[in-house]
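In case you want the letters, here they are:
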Amino acid sequence: MNEINNILNFESGILGFEKYTKYTLKSINDYFYMLSSLESDDIGFVVLDPFKIINEYQIEISSGSKERLNINSPEDILVLNIVTLGENLESSTVNLKAPLIINIKNMNGEQIIIDKNEYEIKQKLFRGDNIADNF
Amino acid sequence: MLIISRKKGESILIGDDIEISIMKIDDNTVKIGINAPQQVTILRKEIYEKVKEENKKALQNNIYTVNKSIK
Numbered sequence: 001m002n003e004i005n006n007i008l009n010f011e012s013g014i015l016g017f018e019k020y021t022k023y024t025l026k027s028i029n030d031y032f033y034m035l036s037s038l039e040s041d042d043i044g045f046v047v048l049d050p051f052k053i054i055n056e057y058q059i060e061i062s063s064g065s066k067e068r069l070n071i072n073s074p075e076d077i078l079v080l081n082i083v084t085l086g087e088n089l090e091s092s093t094v095n096l097k098a099p100l101i102i103n104i105k106n107m108n109g110e111q112i113i114i115d116k117n118e119y120e121i122k123q124k125l126f127r128g129d130n131i132a133d134n135f
Numbered sequence: 136m137l138i139i140s141r142k143k144g145e146s147i148l149i150g151d152d153i154e155i156s157i158m159k160i161d162d163n164t165v166k167i168g169i170n171a172p173q174q175v176t177i178l179r180k181e182i183y184e185k186v187k188e189e190n191k192k193a194l195q196n197n198i199y200t201v202n203k204s205i206k
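Chains A and B, in that order, give the protein sequences.
Counting in our numbering, the first sequence runs from 1 upward without gaps.
Counting in our numbering, the second sequence runs from 136 upward without gaps.
The set of hints was computed from the structure by calculation and includes no laboratory data.
Keep in mind that a hint or two might mislead.
Said to hold, decoys possible - Taking lysine to any residue pairs in the SDA-like style, the calculated list, with each CA pair at most 25 Å apart, reads: (1) B/LYS192 <-> A/GLU118; (2) B/LYS187 <-> A/GLU75; (3) B/LYS180 <-> A/TYR57; (4) B/LYS191 <-> A/ASN72; (5) A/LYS122 <-> B/THR200; (6) A/LYS19 <-> B/GLU181; (7) B/LYS180 <-> A/ASP41; (8) B/LYS187 <-> A/ASP41; (9) A/LYS116 <-> B/ILE167; (10) A/LYS22 <-> B/ILE167; (11) A/LYS66 <-> B/LYS180; (12) B/LYS191 <-> A/SER73; (13) B/LYS187 <-> A/GLU60; (14) B/LYS191 <-> A/ILE7; (15) B/LYS185 <-> A/ILE113; (16) B/LYS192 <-> A/GLU120; (17) B/LYS192 <-> A/THR21; (18) A/LYS22 <-> A/ASN55; (19) B/LYS185 <-> A/ILE54; (20) B/LYS180 <-> A/ARG68; (21) A/LYS124 <-> B/GLU184; (22) A/LYS66 <-> B/ASP151; (23) A/LYS116 <-> B/THR176; (24) A/LYS22 <-> B/GLU184; (25) B/LYS192 <-> A/TYR31; (26) B/LYS192 <-> A/LEU38; (27) B/LYS203 <-> A/SER27.
What the hints assert, rightly or not - With the C-beta cut set under 10 Å, the calculated list includes, among others, these residues of chain B facing chain A: (28) THR164; (29) VAL165; (30) ILE167; (31) ILE169; (32) PRO172; (33) GLN173; (34) GLN174; (35) THR176; (36) LEU178; (37) GLU189; (38) GLN195; (39) VAL201; (40) LYS203.
Even glycine gets a Cβ: it sits at the ideal position worked out from N, Cα and C.
Go ahead and model the full structure; you've got the sequences and the hints to work with.
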């Protein structure tokens, strides 16, 4: 994923932060991105691209989401997962249960919840020496 | 809040296109069936609440702290 210069619109907000709908996305390093609210300096999230680090991550996008975000093709979808940082990477987790999906054609996004048991809200981010070995 | 009592096999209609049926009743578990249009999101509330909580914990706006944690 390349740097995205446009403004991301989360019309219904990110769960718990419904007031904030406009975000920017900037790359931090190879794995992490910073999603920052344009409306408040206090609101921001570290996110990652799950397909870079998980071999098999499957999400099903409902017809409701497709309709709301006006998604016509799977190639238009960017998936990001919110990271809960600990003191270090070993104590950090990633929320695989509630990814952010973004239509890169119109920059509209929303947070969905996957009703499957295999994906955790607090999935350990780091187990081995390399972050990419973890999943 | 509207409160209605229903028996097994009975239903509730919400609007034109949502139907909630009581399928099975055990001691403290009710099995319900929901018929709704595909674009309606149906979630177990506790999962929704947990995601909200986790988002709050994940809140991070300080790039210096971020850089320290992900080093």
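Under the criterion that the straight-line Cα-Cα distance not exceed 25 Å, is the pair B/LYS192, A/THR21 satisfied? This hinted pair holds, its Cα atoms lying about 19 Å apart.
Would you settle whether the hint for B/VAL201 is holds or violated, based on the nearest Cβ-Cβ distance to chain A being less than 10 Å? holds (6 Å)
Holds or violated: are the alpha carbons of A/LYS66 and B/LYS180 at most 25 Å from each other? Holds, because 22 Å separates the two Cα atoms, which is no more than 25 Å.
Restraint satisfaction for B/GLN173 [CB to CB of chain A, less than 10 Å]: holds (4 Å)
How about B/THR176: closest beta carbon in chain A under 10 Å, or not? holds (6 Å)
Would you mind confirming whether the straight-line C-alpha gap from B/LYS185 to A/ILE113 stays at or under 25 Å? holds (11 Å)
Run the distance test for B/LYS203 versus A/SER27: straight-line Cα separation, threshold 25 Å. Roughly 16 Å between the alpha carbons, so the hint for B/LYS203 and A/SER27 holds.
Checking hints one by one. Is B/ILE167 an interface residue toward chain A, by the C-beta closer than 10 Å rule? violated (15 Å)
Given the hint that B/LYS180 pairs with A/ASP41, test it: the Cα-Cα distance must not exceed 25 Å. Distance ~30 Å between B/LYS180 and A/ASP41 Cα, so the pair is violated.
Would the hint linking B/LYS180 and A/ARG68 be met if the CA-CA limit is 25 Å? Satisfied, since the Cα-Cα distance of roughly 21 Å is no more than 25 Å.
25 Å limit on alpha-carbon distance, applied to hinted pair B/LYS187 and A/GLU75: With a Cα-Cα distance of about 28 Å, the restraint between B/LYS187 and A/GLU75 is violated, given a limit of 25 Å.
Take a quick look at whether A/LYS124 and B/GLU184 sit within 25 Å of each other, Cα to Cα. holds (20 Å)
Consistency note: the structure conflicts with the earlier hints numbered 2, 4, 7, 10, 12, 18, 28, 29, 30, 31.
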